[in-house]
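Residue numbers (this note's numbering), protein chains in the order written: chain V, 159 to 282; chain F, 36 to 407.
Hints listed in this document are in silico derivations from the structure and should not be mistaken for laboratory results.
Beta carbons: idealized from backbone N, C-alpha and C, even for Gly.
Keep in mind that the hints are not guaranteed to be accurate.
[Said to hold, decoys possible] One side of the interface only, derived from the structure: several residues of chain V facing chain F at Cβ under 8 Å:
| no. | residue |
| --- | --- |
| 1 | G191 |
| 2 | D192 |
| 3 | L198 |
| 4 | V213 |
| 5 | E215 |
| 6 | V217 |
| 7 | A220 |
| 8 | Y224 |
| 9 | K280 |
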Amino acid sequence: MTTKFTPDHEWINIEDHEAAVVGITLHAQDALGDVVYVDLPEVGRSYTKGEVAGVVESVKAAADIYMPVAGEVVEVNEALRADPSLANSDPMGNGWFFKVHVTDMMQFDELMDPPAYDALLKTL
Amino acid sequence: MSADTNLQHTPLHELHLELGAKMVPFAGYAMPVQYPAGILAEHRQCRGDAALFDVSHMGQIRLHGTDAAAALETLVPQDIVDLPVGKQRYAFFTNAAGGLLDDLMVTRCADHLLLVVNAGCKLADLKHLVTHIGHRCQIVPLHDHALLALQGPRAVTALSRLEPGVATLAFMTGGDFMLAGTDCYVTRSGYTGEDGFEISVPASHAAALARELLAQPEVKPAGLGARDTLRLEAGLCLYGHDIDERTTPIEAGLTWAIQKVRRPGGARAGHYPGAAVIEGQLAMGTSVKRVGLTGLERVPVREGTMIVDGHGHPLGRVTSGTLGPTVHEPVAMAYLAVNHAHPQMEVYAEVRGKRLPMRITAMPFTPHRYHR
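Bound-form chain V, shown alone:
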């Protein structure tokens, strides 16, 4: 299982733990509506788990992006910055937010697997 989910409706794919990919879920983009702006973290900066690492804003609301795990940001999605609507059209793919070098695999393991996240969505 390489993709896990957070209660804040973010996903993290850890195929490459030196550059794990983070984005928002299909549910998150649907709840937000048309995304018009993203504020992405600083490349090279280390963040703690749960720290605010960015912002995603739709026409009607703004939401914080939290670090799903601790680590150093190694890349941000410049294409998303240029076209924030990628977060709506392809949230699990081209609409990714940033990549992070994961140092503590335990933090990844604690996140929700797809069935657990689906179960969470059913409670909303």
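Add chain F to chain V, keeping to what the hints say.
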């Protein structure tokens, strides 16, 4: 979204659900904030073709009686007495301090005045009317009427296919028309900056009329989300945000809506709540005023954001703001100290610890395209 049994439904509720609307609580009603197309597409639909909004949550109140217009003038600083039959006027209820209790539309119909007030204020407005002028006219809330807004450059094409007569209406006029087989009152007005109509229709026929309008090739449904971005780009105030009991019409830049006949020197000057305060501000000016702001960076600047000068001194706060879907830049309204409220002046919005440059800009942000 959990079903909230305390929320009221408009006569179009089933239609909204059928169209896949995302429903949200608003002023005690379950209202569509958007349909599957989304706020941006609905906004563009309205600017480019025609969009249908359900605004049945708003209050519709009739005032009957020969003294109704004079009575209403004791509560608003507008000229109602000389308003001709078939004409509509923007008005506001003021309090003793000159603050705004609500803003409304007043239309003189053949044998009554039709008031359209904000949903969140309608109970208080009704009480206000009954308390102060209930002895002078008959006050009839239209609980059994829906209100549909058909807005956009092609609204006239769509609506005149149903009833050709509506094309003869000019901006801020109204008349009785048969639509969906029933008597409706139609005004050429709206809250988007575009040409368009508002249709007061008996609740029993509202869904049929809405379906008939949605069957027109120019028309698609739009929700409250797009209504908000459209009115903001059009520079129109949203009650409870850009104007409220603590703001006066002069501070809000609504002086244009106070006719000369109600100002000092006019034949029916004063004699409305807060007249002394408002007349004082007309003569002496105010310390703050509502301005438009456009962002020089593409970051939305939202309600509550602090506006500061180049030294970081606070100048005021944003009362509404978004990324304008038509103007493609952040647009906002704010109350600023008057000595900083000059067009083209640069100020800064404090957003998440950063100072974003914004320029004071004359409103509307998008030109009004009314049919005058």
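Cross-check of the supplied hints:
Interface hint at G191/V: satisfied, since its Cβ lies 6 Å from the closest Cβ of chain F, which is below the 8 Å cut-off. The beta carbon of D192/V is positioned within 8 Å of a beta carbon in chain F (closest approach about 4 Å), and the interface hint is therefore held. The interface hint given for L198/V is violated, since its Cβ lies 12 Å from the closest Cβ of chain F, which is over the 8 Å cut-off. Satisfaction of the interface hint for V213/V is found here, the shortest Cβ-Cβ separation to chain F being roughly 7 Å, below the 8 Å cut-off.
With a least beta-carbon distance of about 5 Å to chain F, the hint placing E215/V at the interface is held under the 8 Å criterion. Annotation: V217/V was flagged as interfacial toward chain F, and the flag holds, the nearest CB pair being 4 Å apart, inside 8 Å. Checking A220/V against chain F by beta carbon gives a least distance of about 7 Å; that is within 8 Å, so the hint holds. The beta carbon of Y224/V comes no nearer than 14 Å to any beta carbon in chain F, farther than 8 Å, and the hint placing it at the interface is violated.
Hint on K280/V is violated. Least Cβ distance to chain F is approximately 13 Å, over the 8 Å limit.
In summary, the structure is inconsistent with hints 3, 8 and 9 from the numbered list given earlier, while agreeing with the others.
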